[in-house]
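As you go down the protein sequences, you meet chains A and B in turn. Sequential numbering from 1 applies to the first sequence in our numbering. Sequential numbering from 1 applies to the second sequence in our numbering.
Take the hints with a grain of salt, since some may be wrong.
[Said to hold, decoys possible] Taking CB as the label site, the calculated pair distances span:
id, chain 1, residue 1, chain 2, residue 2, range
1, A, A98, B, P37, 42 to 50 Å
2, B, A188, A, T8, 36 to 44 Å
3, B, L254, A, A60, 23 to 31 Å
4, A, S128, B, D246, 17 to 25 Å
In short, the hints are calculated from the structure, not lab data. All residues carry an ideal CB built from backbone N, CA and C; glycine is no exception.
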Amino acid sequence: MKISGVYTLNVPQERAYALLQDPAILAKCMPGCEGLDRIAENQYAMRMKMVLASISGLFAGKVTIADPNPPTGYRLIVEGSGKIGFMKGDGVLMLSPAGSGATVHFEGDVQVGGTIASVGQRLLDTTSRMLIKRFFTRLAAESAQAGVERVAAD
Amino acid sequence: MIPQTFEYTAPQTLEEALGLIAGGDRKILAGGMSLIPLMKLRLATPGEVVDLGRVSGLNGISENGGVVSIGAMTTHHAIETSRVTRAHCPLLAETAGHIGDVQVRNVGTLGGAVAHADPAADYPAALLALEAQIKLISAQATRSVAASDFFLDAFTTALEPGEIVLEVEVPAEDQSEGYSYEKVPHPASGFAVVGIAARIKKDGNRIAMARIGVTGMGAHAFRALAAEKVLENGGSVADAAATVGDGETPNSDLYASADYRLHLARVHAARALATAISRAS
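Just chain A, same shape as in the assembly (with noise of 0.2 Å):
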């Protein structure tokens, strides 16, 4: 399944480069991840509750970052596994300015599989740009936070 969108961030590129690359941060806005441990460099073991509806399952896997290009972008690549099916997403995330924000614009394929993807095809679409929304809705909340406090540090 291809996923694709465009979100606008309220803070300058590098700092919205900075935030997407911040496991911290990353932790907090993805919906139903319970942590987010480093492994190796720009690679993290990931746990993950998903909770939608009914349905409610535990994920495990790994999230890497590969090809880094700060600010601009980089390829995001995510695996996981529960006992209710597993996912794969490979995509690339393309940060540039827009005012004094930043657009981020992503591209990518998931994979799903196992008795979720059996049962819930019609609701992929739908429930994978849902919970793509709530990830920028969380970090848009995140990075405003994030800037007063910088702010006050200043």
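Following the hints, position chain B against chain A.
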């Protein structure tokens, strides 16, 4: 196909049920036409299930002062066949008749369907077109939420933790109104690939009021406000139908791509409107 072990409680009164629901992570069984299959597949593994099936006072349909009140545990079949809904909100009765199959309609409930908020559920389209109010209750308070403020995203509603749907209030349709629910059911699941609920009120040859609810298209059902405007301003059905889905990102799955879904929505919106107009007097 055997669910994980869980604890089952079946409270008899609303107070008891609300007390149970207030205390922690419990799943509510309101018919179970979505929850039970998910549990059997172990996609849902709740530790505790509270069955509302025996709670008195949650089931029933009544009309009072131009408002039809439907209890949360009223089955789709009851809504489809009740004299009250057929006389006062026939759009909802017609919509209920399109849900799943007869077994599902005999067990599944309005409150359960509304709270589950499947993006392809049938009711939301009709409830939006009918401008229904959804009454919610918790151990502390009751409140009423307009259908347009209730469905927020896929499987996401305005329900807060500890709250359940108490009843749905539907303003009675005018006798002169025309209505129609047009659905393209998914051949395997019976869910709406798209579903269009339309209401039309005529004033002579002019359309005085148009209400169009669309389901299956996006993350949640929505009103086709632009299309309603076109009709109320004297535009044709074809022009109105051509605006349905404008600005939305249609869902896409193996059965129907986004483009095909948008096309289906427009074709069936035109059909629903034509039927509604022909039924209006």
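Each hint tested on the structure:
1. For the hinted restraint 42 to 50 Å between A98 (chain A) and P37 (chain B), the CB-CB distance of approximately 45 Å keeps it satisfied.
2. For A188 (chain B) and T8 (chain A), the Cβ-Cβ distance of about 39 Å falls inside the hinted range of 36 to 44 Å, so the restraint holds.
3. Checked against the hint of 23 to 31 Å, the C-beta distance between L254 (chain B) and A60 (chain A) comes to roughly 28 Å, which is consistent with it.
4. The hint said 17 to 25 Å for the Cβ distance between S128 (chain A) and D246 (chain B), and at roughly 23 Å that hint holds.
The earlier numbered hints are all upheld by this structure, with none contradicted.
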